[in-house]
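Q: Sequence:
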Amino acid sequence: MNSALYRLLAEYPLDKLLHTIPTGLFLVDTDKKIVYWNSEAERITGYSAADAVGRDCSFLEGEPCHKRCGLYSEAFTKPVIGQICVFRDRKGRVITLSKNVDLLRDDRGKVIGGIEAFVEITRFKQEENLLRDAVMARTKELELEKAALRSVLDGMTDPVYICDKHFRLIFVNQAMLDILGELNSEHCYEAIYRQQQVCEDCPMPEIFKGRVVRQEKTFQGDARTYEVIHSPHPLKEEPTQKLAVCRDITERIETEQRLHQTNKELDAFVSTVSHDLRSPLTPLIGFADLLADRYSDQLDDIGRISISEIKKTAEKMRNLLEDLLTLSRVEQLKQPAQHIDVTSVANDMLLELADKVLESGAEVTIEELPELRIPEELIANMFRNLLANAIKYAAGSHPLIEVRGCEFPDRLRYSVIDHGPGIEEDERQTVFEPFYRGRNSRAATGTGIGLATVAKIARVYGGNTWVEETEGGGATFVVDFPIEKKR
Numbered sequence: 006m007n008s009a010l011y012r013l014l015a016e017y018p019l020d021k022l023l024h025t026i027p028t029g030l031f032l033v034d035t036d037k038k039i040v041y042w043n044s045e046a047e048r049i050t051g052y053s054a055a056d057a058v059g060r061d062c063s064f065l066e067g068e069p070c071h072k073r074c075g076l077y078s079e080a081f082t083k084p085v086i087g088q089i090c091v092f093r094d095r096k097g098r099v100i101t102l103s104k105n106v107d108l109l110r111d112d113r114g115k116v117i118g119g120i121e122a123f124v125e126i127t128r129f130k131q132e133e134n135l136l137r138d139a140v141m142a143r144t145k146e147l148e149l150e151k152a153a154l155r156s157v158l159d160g161m162t163d164p165v166y167i168c169d170k171h172f173r174l175i176f177v178n179q180a181m182l183d184i185l186g187e188l189n190s191e192h193c194y195e196a197i198y199r200q201q202q203v204c205e206d207c208p209m210p211e212i213f214k215g216r217v218v219r220q221e222k223t224f225q226g227d228a229r230t231y232e233v234i235h236s237p238h239p240l241k242e243e244p245t246q247k248l249a250v251c252r253d254i255t256e257r258i259e260t261e262q263r264l265h266q267t268n269k270e271l272d273a274f275v276s277t278v279s280h281d282l283r284s285p286l287t288p289l290i291g292f293a294d295l296l297a298d299r300y301s302d303q304l305d306d307i308g309r310i311s312i313s314e315i316k317k318t319a320e321k322m323r324n325l326l327e328d329l330l331t332l333s334r335v336e337q338l339k340q341p342a343q344h345i346d347v348t349s350v351a352n353d354m355l356l357e358l359a360d361k362v363l364e365s366g367a368e369v370t371i372e373e374l375p376e377l378r379i380p381e382e383l384i385a386n387m388f389r390n391l392l393a394n395a396i397k398y399a400a401g402s403h404p405l406i407e408v409r410g411c412e413f414p415d416r417l418r419y420s421v422i423d424h425g426p427g428i429e430e431d432e433r434q435t436v437f438e439p440f441y442r443g444r445n446s447r448a449a450t451g452t453g454i455g456l457a458t459v460a461k462i463a464r465v466y467g468g469n470t471w472v473e474e475t476e477g478g479g480a481t482f483v484v485d486f487p488i489e490k491k492r
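Position one of the sequence shown corresponds to residue 6 (our numbering), numbered consecutively onward.
Just so you know, these hints were derived from the structure itself, not from any lab.
Every residue gets a Cβ at the ideal spot worked out from N, C-alpha and C, and that includes glycine.
There could be a bad hint or two in this list.
Stated by the list, open to error - When the alpha-carbon atoms are kept at most 30 Å apart in a straight line, the in silico DSBU-like pairs for lysine-lysine are as follows:
id, residue 1, residue 2
1, 339, 222
2, 317, 339
3, 222, 130
4, 104, 115
5, 222, 145
6, 317, 397
7, 145, 83
As the list claims (entries may be wrong) - Cβ pair distances, simulated, as ranges:
id, residue 1, residue 2, range
8, 98, 259, 28 to 36 Å
9, 346, 51, 43 to 51 Å
10, 91, 44, 39 to 47 Å
11, 477, 216, 50 to 58 Å
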C-alpha cells in the first residue's frame, strides 16, 4: 500500500473528526484499494470498515463508476462535484448518492490516492420524481383545457355553454341548441333550467375562486341526465366567465344501478352460501374433537394426524366462510345516528387480540382517535384485521405497533404503523385484493379476506385505503374517510 498516503494520514490525525461528519467518506490508494472508511459510509452502504478496507472500490458496483472510473483519468477534470451515483447497499436496496471526488497529492504534487465524499439523496430523488409527475399531470390538465376550448370553437358533440358573472349566455353550441330548441332568454338559469331566478346550487361563486365543480343535472324537457363540468374561463387565476361542458351519463347511471343491484344479489348469495356451508362444519369439528379425545390412544400416528388435519381444514374453511360472510355484510349494516368512539373500539379490539399480542411479544400503543359515523361493527372489524395483520407479520421482527389518527378539513385518517419487514412496493397496490397473499405472508395462516374487507368498508363509505413504507422500515396501513360533521 502507498507509504506516502500512510504518512499523510499520520501527519493529519483526523480519524475522530471524519467519523463525526454527516457525510460518507473513503480514501483509496493509487491501486484503488480502500484505505479508510468512515462511520457515515458504514451507515449509508451497510458495509463496515472491516468489510471495505483493503478492497477495490469497484466492489460497490455503483452506476456509472463500475463501468468507467474517472478518478485517475485525465479525461475528467478534478475535483468532480455533485456527481449522481446509484448502487445497491449491503441489503440489496437501491440507493442514490450525490458525491464529490478528488485526488490526494503529496507535498511535491504527486498523486498518492483519491478521496470520495457522498451523501444519500434517495428520498430527495423520489420526491423529485413525484414533483415531476405532478408537473406533468398539471401540464396535461392545461393541455386538456386548451383542447376543450378548441372543441368549443370547432363544435362539440357534448352540449356546451359559456356565461358571464351576470349569468348571461355568451355562447351555446349546436348540441345544446338541439336539446333546448330556441333560446327564450339570455340568462342561463332561464334558458337552460327554466328557473325564474338563479339556481340554488349554482356553482358560480366557486368558479370565480378558480375551482372546478361537477354536478349531475337534467334539463327541462329532456329526460336524460348530464354530468355538468363547470370550470373557470378563460383562466383560473382571473376568470371572467364560466364554461360548462355537459356529458350525457344516462347509460352510466343505469349501468351503475344494475351493477349495484348485481352486487347486492352477489352479497346476498355469498351470505347465504357462507351461512349454509358453515352449519355442517360445527359438527364436523366437534366429531373430530370427539374422536381425538376418546380414541386417540387406539389410533396409530397416521390416524391421529388424519383427525388433526380434518379439524384444521374444517376450522380453516369455517374461518374463510366467516370472513366471506363479514365481507358480504359490509353494505347491509345501517349507518348509526351518532358518531362512534373509535378509540374505545380500537382498545376493545386490542383486548380481543390479547392472546396473540402476548404470544408475539407485541407492544401496541393507541393514541386518541377521531370519532367516525359508520357502524361500530365495521370499525371493530377494520381494527381487528389491521391489528391482527401487524401482530402476525411485523411483531416478530420489531414489537412496536402504533395506532394513530388525524383529522383534516375534509378527511379523517387512521394509521396502523409497524416496524417489521414491510411490503414491497410492487405489492402495495394488490394487498387489499380478496385472497391475495403477499410474499412475506405465504408461510402464515390466513384467508386473504381481512384487508379486502378493510378496503370495502372504506370504499362503501367514500373512503380509501393504501399502504406506505414506515420511516425507518416497516409498513403503515392507512384508511381514510370523508369527514362528516356531527349532528
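Q: All hints are to be evaluated individually against the structure, with a verdict given for each.
A: Cross-check of the supplied hints:
A C-alpha spacing of about 29 Å is found between residue 339 and residue 222, which places the hinted pair at or below 30 Å, so the restraint holds. A distance of roughly 35 Å separates the Cα atoms of residue 317 and residue 339; the hinted pair therefore is violated under the 30 Å criterion. Proposed proximity of residue 222 and residue 130 is contradicted: the alpha carbons are some 45 Å apart, above 30 Å. About 23 Å separates the Cα atoms of residue 104 and residue 115, which keeps this hinted pair within 30 Å; it holds.
Our distance criterion of 30 Å between C-alpha atoms is met by residue 222 and residue 145, whose separation comes to about 27 Å. Among the hinted pairs, residue 317 with residue 397 is consistent with the structure: their alpha-carbon atoms are about 19 Å apart, no more than 30 Å. Pair hint residue 145 plus residue 83 does not hold up; C-alpha atoms about 42 Å apart against a cutoff of 30 Å. In this structure the supplied range 28 to 36 Å is violated for residue 98 paired with residue 259, their Cβ-Cβ distance being about 50 Å.
Our hint of 43 to 51 Å for residue 346 and residue 51 holds, since their Cβ atoms are close to 45 Å apart. Separation of residue 91 from residue 44 is about 22 Å and departs from the stated range, judged on CB atoms against 39 to 47 Å. Taking 50 to 58 Å as the suggested C-beta distance range, the pair residue 477 and residue 216 does not conform, at roughly 38 Å.
Violated hints, listed in ascending order, are 2, 3, 7, 8, 10, 11; each of the other numbered hints is respected by the structure.
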